[in-house]
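Undergrad: One-letter residues, chain by chain:
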Amino acid sequence: MSLWDFYARNSQEVLGLVGQHLYLVAISTGAAIVIGVPLGILLTRRTAWRGPVLGVANVFQTVPSLALFGFLIPLPFIGGIGATTAIVALVLYALLPIVRNTYEGVTGVDPAVREAGRGMGMTDWQLLTQVELPLGFGVILAGVRVATVVSVGTATIAAAIGAGGLGVYIFRGVAVVDDTLILAGALPAALMALAADGLLGVAERRFAWRGK
Amino acid sequence: MTKPLEVQGLGYRLPGKGKGETGNGRLLVHEVSFTVGAGETLVLLGRSGSGKTTTLKLINRLLEPTVGEVRVAGERAADLPVTRLRRRIGYVIQEVGLFPHFTVERNVGLVPRLDGWPPPRIATRVRDLLALVGLDSDTFARRYPHELSGGQRQRVGVARALAADPPLLLLDEPFGALDPITRVELQREFKALEGRLGKGMVFVTHDVREGLLLGTRIGLMLQGRLAFLGTPDEFRRSEHPECKAFMAAA
Ligand SMILES: Nc1ncnc2c1ncn2[C@@H]1O[C@H](COP(=O)(O)OP(=O)(O)OP(=O)(O)O)[C@@H](O)[C@H]1O
Ligand SMILES: [Mg+2]
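If you read the sequences in order, they're chains C and B. 0 is the number of the first residue of the first sequence in numbering that gives the first Met the number 0; add one for each residue after it. 0 is the number of the first residue of the second sequence in numbering that gives the first Met the number 0; add one for each residue after it.
In case anyone wonders, no lab produced these hints; they're calculated from the structure. It is possible that part of the hints are untrue.
Examples of chain C residues lying across from chain B (beta carbon under 10 Å, computed) [unchecked claim]:
(1) Val-112
(2) Leu-134
(3) Gly-163
To spell it out: a stretch of chain B is covered by chain C in this simulated footprint if at least three of its residues, at any positions, have a beta carbon under 8 Å from a beta carbon of chain C; those stretches are [to be verified]:
(4) 29–40
(5) 72–86
(6) 97–103
Short, incomplete list of chain C residues facing chain B, as computed with Cβ under 7 Å [unchecked claim]:
(7) Ala-111
(8) Gly-118
(9) Gly-120
Remember, predicted model here, so these are calculated numbers, not experimental data. Ideal Cβ placement from N, Cα and C applies to all residues, glycine included.
Same shape as in the complex, but just chain C:
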């Protein structure tokens, strides 16, 4: 059976899985932004915390994703079989690029610009919101882009713990040794990653003030 025949016959199911996949990625990346950006900003104000926090975020990144999903299952509240566990794991993965890029975006602002701002009597909050965040926005977006693309890929593994998404086809295809089935899951996931990369890349260049 060709891929197109497969899609034609299972269009309902395919759309459902694409929807689940988008849901996993959107919720987890959204949560990672809500947690990661303030955390990154906090690190610029408490530089002593930078090492430990980035270190912990780094550790999450290095744990193989399947293992991380597995570790989370027995935990109360956030664990168990299903989407919640998957989302928690995806958030943990997405945190590092977002925290790191927020930190780098804010601290990467030209020191002369920061000194001029402080010297003219801006409060720390004004400096952050009017100067550092706008100027660092492109770099922060780059972190979000990396996090999103990685999330799209990692979310395929979420099927292993019953969270659904396009990984369902991939796992099923691997189990029954059916290339079409594997491709049916992998192709939309790849397109999704490319689209996210492209769109966020455009936004990022739009906000790249540095070097001008």
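Let chain C serve as the given structure and place chain B with the ligands on it in line with the hints.
TA: Coordinates of chain B with the ligands only, in the frame set by chain C:
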């Protein structure tokens, strides 16, 4: 009348080697005293590393003095909230430090906006200031800093420092990065401005000619101390070896 700036026994020691401290306890500025009246420009002259920039930062509290007193327009700087103090002091740094994501207009209007001026008043003020520093508002107001030449950026930097009409201006080598011709042009214009503005100014440079041209008084810094303080004429005649070294370089 109170003077724009009075500095008494100012000193700054780097934090020591104690816990959580990275410095070595070195004395960067020591026993610096001077006053600047309205319409006066004190030029701080000195070799690289002599403590000129540090002295300026002690005045607007980008660094907190470890000893001594600074008064701006009669008020003790240490008693004022730091943002309020700084909004009363125009500050021009060598690298200009214009905000790259703001237009010229917004850059110049920054401090008035922080102080909550109504927008029409800011707009008028910005036009006036751009005219004052020799930039045509219609041509330049909507440009971004990367669309300006170095000399134009410096002009915008000076306009920005003047925006909220502060009694005191601190200028740290404002013309340092310019080509010699533009530099002389800006010096000449600045000289004409000085008299008109009637503000107190502290102007840092390591260029003796610039200092002698623009200063009503010269303060010569040497290893964190004020080795000489006097009029340009007194400076020219001074027997102090560091003054002579600078005069020889002129
Ligand atoms: N944060 C700091 N930590 C340690 N040393 C510092 C610090 N800031 C300045 N210094 C030292 O203080 C001395 C005076 O520096 P300052 O910047 O005031 O010199 P300057 O006279 O402005 O020199 P230049 O003409 O090169 O700008 C220098 O020896 C410099 O290395
Ligand atoms: Mg300096």
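Undergrad: Taking each numbered hint in turn, which are not upheld by the structure, reported in ascending numerical order?
TA: 3, 4
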